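Chain residues, written in single-letter form:
There are 2 protein chains.
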Amino acid sequence: MIYIAVNAEKKMSPTPDQARFLRACRRQPVDRVPVWFMRQAGRYMEEYRRLRQRHSILEIAKTPELACEVTLQPVRSFPVDAAIIFADILLPAEAMGAKLRFAPGPIIDNPIRSSADVRRIKRVDVEKSLGFVLKAISLTRQSLGGLPLIGFAGAPFTLASYLIEGGPTHDFIRTKALMHGQPKTWDLLLGHVARVTADYLKAQIAWGAQAVQLFDSWVGALSPAEYRRYVMPHSQAVLEALKGSGVPVIHFGTGTAGFLEDFARAGGDVIGIDWRIDLASAWKRVGAKAIQGNLDPTLLLAPTPLLRRAVHELLEQAAHRKGYIFNLGHGILPNTPPGSVKAVADWVHAWSVN
Amino acid sequence: MIYIAVNAEKKMSPTPDQARFLRACRRQPVDRVPVWFMRQAGRYMEEYRRLRQRHSILEIAKTPELACEVTLQPVRSFPVDAAIIFADILLPAEAMGAKLRFAPGPIIDNPIRSSADVRRIKRVDVEKSLGFVLKAISLTRQSLGGLPLIGFAGAPFTLASYLIEGGPTHDFIRTKALMHGQPKTWDLLLGHVARVTADYLKAQIAWGAQAVQLFDSWVGALSPAEYRRYVMPHSQAVLEALKGSGVPVIHFGTGTAGFLEDFARAGGDVIGIDWRIDLASAWKRVGAKAIQGNLDPTLLLAPTPLLRRAVHELLEQAAHRKGYIFNLGHGILPNTPPGSVKAVADWVHAWSVN
Numbered sequence: 027m028i029y030i031a032v033n034a035e036k037k038m039s040p041t042p043d044q045a046r047f048l049r050a051c052r053r054q055p056v057d058r059v060p061v062w063f064m065r066q067a068g069r070y071m072e073e074y075r076r077l078r079q080r081h082s083i084l085e086i087a088k089t090p091e092l093a094c095e096v097t098l099q100p101v102r103s104f105p106v107d108a109a110i111i112f113a114d115i116l117l118p119a120e121a122m123g124a125k126l127r128f129a130p131g132p133i134i135d136n137p138i139r140s141s142a143d144v145r146r147i148k149r150v151d152v153e154k155s156l157g158f159v160l161k162a163i164s165l166t167r168q169s170l171g172g173l174p175l176i177g178f179a180g181a182p183f184t185l186a187s188y189l190i191e192g193g194p195t196h197d198f199i200r201t202k203a204l205m206h207g208q209p210k211t212w213d214l215l216l217g218h219v220a221r222v223t224a225d226y227l228k229a230q231i232a233w234g235a236q237a238v239q240l241f242d243s244w245v246g247a248l249s250p251a252e253y254r255r256y257v258m259p260h261s262q263a264v265l266e267a268l269k270g271s272g273v274p275v276i277h278f279g280t281g282t283a284g285f286l287e288d289f290a291r292a293g294g295d296v297i298g299i300d301w302r303i304d305l306a307s308a309w310k311r312v313g314a315k316a317i318q319g320n321l322d323p324t325l326l327l328a329p330t331p332l333l334r335r336a337v338h339e340l341l342e343q344a345a346h347r348k349g350y351i352f353n354l355g356h357g358i359l360p361n362t363p364p365g366s367v368k369a370v371a372d373w374v375h376a377w378s379v380n
Numbered sequence: 027m028i029y030i031a032v033n034a035e036k037k038m039s040p041t042p043d044q045a046r047f048l049r050a051c052r053r054q055p056v057d058r059v060p061v062w063f064m065r066q067a068g069r070y071m072e073e074y075r076r077l078r079q080r081h082s083i084l085e086i087a088k089t090p091e092l093a094c095e096v097t098l099q100p101v102r103s104f105p106v107d108a109a110i111i112f113a114d115i116l117l118p119a120e121a122m123g124a125k126l127r128f129a130p131g132p133i134i135d136n137p138i139r140s141s142a143d144v145r146r147i148k149r150v151d152v153e154k155s156l157g158f159v160l161k162a163i164s165l166t167r168q169s170l171g172g173l174p175l176i177g178f179a180g181a182p183f184t185l186a187s188y189l190i191e192g193g194p195t196h197d198f199i200r201t202k203a204l205m206h207g208q209p210k211t212w213d214l215l216l217g218h219v220a221r222v223t224a225d226y227l228k229a230q231i232a233w234g235a236q237a238v239q240l241f242d243s244w245v246g247a248l249s250p251a252e253y254r255r256y257v258m259p260h261s262q263a264v265l266e267a268l269k270g271s272g273v274p275v276i277h278f279g280t281g282t283a284g285f286l287e288d289f290a291r292a293g294g295d296v297i298g299i300d301w302r303i304d305l306a307s308a309w310k311r312v313g314a315k316a317i318q319g320n321l322d323p324t325l326l327l328a329p330t331p332l333l334r335r336a337v338h339e340l341l342e343q344a345a346h347r348k349g350y351i352f353n354l355g356h357g358i359l360p361n362t363p364p365g366s367v368k369a370v371a372d373w374v375h376a377w378s379v380n
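In order, the protein sequences belong to chains A and B.
Residues 27 to 380 in the working numbering are what the first sequence lists, from first letter to last.
Residues 27 to 380 in the working numbering are what the second sequence lists, from first letter to last.
What the hints contain is simulated information worked out from the structure, not anything from laboratory work.
Nothing false has been slipped in among the hints.
As the list makes no split between identical chains, a pair holds if one copy fits it or if it spans any two.
No more than 20 Å apart at the CA atoms, straight line, and that leaves these computed lysine to aspartate or glutamate pairs for EDC-like:
id: 1; residue 1: LYS310; residue 2: ASP288
id: 2; residue 1: LYS125; residue 2: GLU85
id: 3; residue 1: LYS154; residue 2: ASP225
id: 4; residue 1: LYS154; residue 2: GLU85
id: 5; residue 1: LYS148; residue 2: ASP213
id: 6; residue 1: LYS310; residue 2: GLU287
id: 7; residue 1: LYS148; residue 2: ASP114
id: 8; residue 1: LYS315; residue 2: GLU266
Source: prediction; values computed, not measured.
Sequences and hints are given; from them, build the entire structure.
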């Protein structure tokens with residue numbers, strides 16, 4: 027099988043349906059509110075669980091045909107307005123030298139705790155070390171017809187937290203010990219992660235991603251002052267590097283209610299927020315940007331009338347605005363009924379944008 | 027040994043040192059910024075670890091002499107301006123019928139998941155079921171001289187989350203399933219918890235607590251709308267019940283940046299915040315109330331110059347204000363150096379309030 031970078035493809039005009047997501051990212055008028063779901067491919071789908079019986083997460087992520095197949099599963103089942111490439115945010119960490127395994131959550135057996143550890147981090151040639159993601163993107167683009175494909179990466183803080191903690195954490199004690207105790211080592215580490223992340227996202231765009239999302243999933247552990255001093259400059263570096271790429275950039279974080287202005291100022295065309303902020307107040311705080319969010323994922327487990335009411339409440343607040351993308355506030359939970367995902371997408375599309 | 031309710035004691039005027047904390051709670055002028063630390067008694071202290079080799083947490087909490095001893099340990103070591111009674115927030119849960127054990131974190135073997143479970147919850151006679159806490163309060167008051175003693179309880183949402191989840195949780199899936207899926211059962215449960223909590227805190231006050239803190243430690247899992255609909259009325263019920271008790275009430279929550287106005291409006295003379303909100307912005311949002319917080323507990327593990335800078339930054343923002351109580355944004359972490367705790371208390375007291 028030969029993979030080609032999608033830039034070489036003949037371009038076809040997207041249908042209004044297919045244009046919806048990218049137009050909303052750019053705050054252009056849309057026919058309907060676009061909707062997709064973080065972690066829309068995953069364990070809650072039977073098709074995915076069947077595939078996982080035969081393949082590990084890393085096998086799927088590293089085999090372009092399998093990653094493509096998993097990316098397409100939700101697209102076949104639900105009327106989502108974008109696909110997001112199936113990958114793990116720790117793949118670049120592995121490329122940097124992290125010994126990564128899943129048990130079942132991600133564990134890094136050689137975490138980074140010192141400046142010597144930071145110096146051992148490998149430089150990453152994205153096309154060589156992460157070529158499988160790029161090939162998966164190219165392959166998926168060809169299979170999607172005109173539906174937009176989103177690429178993604180972890181933000182410097184979130185990826186660095188994984189590298190430092192090496193496993194699940196509640197308090198981010200080791201991460202903050204490095205941040206507070208060795209600020210130069212911290213900047214070296216995050217600077218390195220930021221460069222790899224920027225290269226990785228640029229390569230994803232070159233190979234066909236039509237939008238990219240930077241996930242700062244753990245940034246809510248920080249104080250506003252910590253975010254400004256230790257994290258924002260590194261996220262900014264990634265987001266600056268993507269300017270001129272021609273594709274919209276979504277900057278997503280959870281627990282950002284305490285410093286949303288700074289989070290938005292760090293960059294991104296679209297700001298992704300979680301359910302801990304009222305959508306209306308977020309709109310006042312992010313400035314002239316699109317907003318993506320922010321249904322609590324646990325609501326997908328709620329009885330239908332309640333779920334519908336919550337979806338309608340969001341739409342009432344936001345459907346009339348330019349630059350609104352419906353999504354959850356975090357990823358779909360494993361025990362989510364697929365029927366709820368479909369219902370939400372249908373309700374979003376049924377709602378008038380005027 | 028005979029325990030007496032402290033109301034019967036002869037009252038003595040407190041020294042200025044001893045008055046500092048309660049005056050700040052009431053937004054009266056103080057000579058120095060008062061300081062105490064959530065979880066100031068605990069595992070980070072060698073004296074506590076020694077006691078724990080011979081006694082379980084529940085043994086300590088249920089033996090007034092031991093609870094008194096542990097409460098006094100930080101008072102002897104650090105110049106804190108208040109003591110907080112040593113107890114576990116799940117003691118009232120046990121009184122309601124929860125089968126509680128520590129392994130090492132709290133586990134409830136008969137979690138509440140249905141309306142039948144809620145109907146099985148026991149009514150609680152606080153003096154009968156939780157008399158050991160009241161006796162510990164009375165005993166500790168006698169040992170403290172004039173230093174104020176704080177009582178506490180978990181807020182309805184936080185306590186109910188424990189009852190429902192039965193163990194550690196990241197997503198509060200079961201809690202939210204009950205909240206969204208069975209709102210009547212939810213209200214029944216939280217209403218019951220709120221009544222027990224109000225009785226418990228009133229009894230603590232009657233037995234000698236000179237201030238009480240309501241801990242809503244997990245409230246940051248909620249959306250602003252969820253807080254308003256499902257939680258705020260129950261917290262409000264507890265806080266209303268304490269009006270007229272004559273003692274200041276501290277209402278503490280973490281992750282409240284998205285709904286701090288509502289959290290403050292629910293009640294309390296002092297609003298406790300975590301490090302995820304800038305102190306200056308919190309001040310604008312809580313209205314005419316005192317504020318307690320909000321140093322990130324991981325900073326106590328940082329090098330001294332950095333810790334001092336962080337403490338001084340808080341004091342610069344808040345020391346001149348009426349109604350500021352220095353504290354952490356959450357409890358002291360187990361591996362905190364006791365020397366850092368002492369240093370922080372000293373720096374706070376050295377700072378001019380003018």
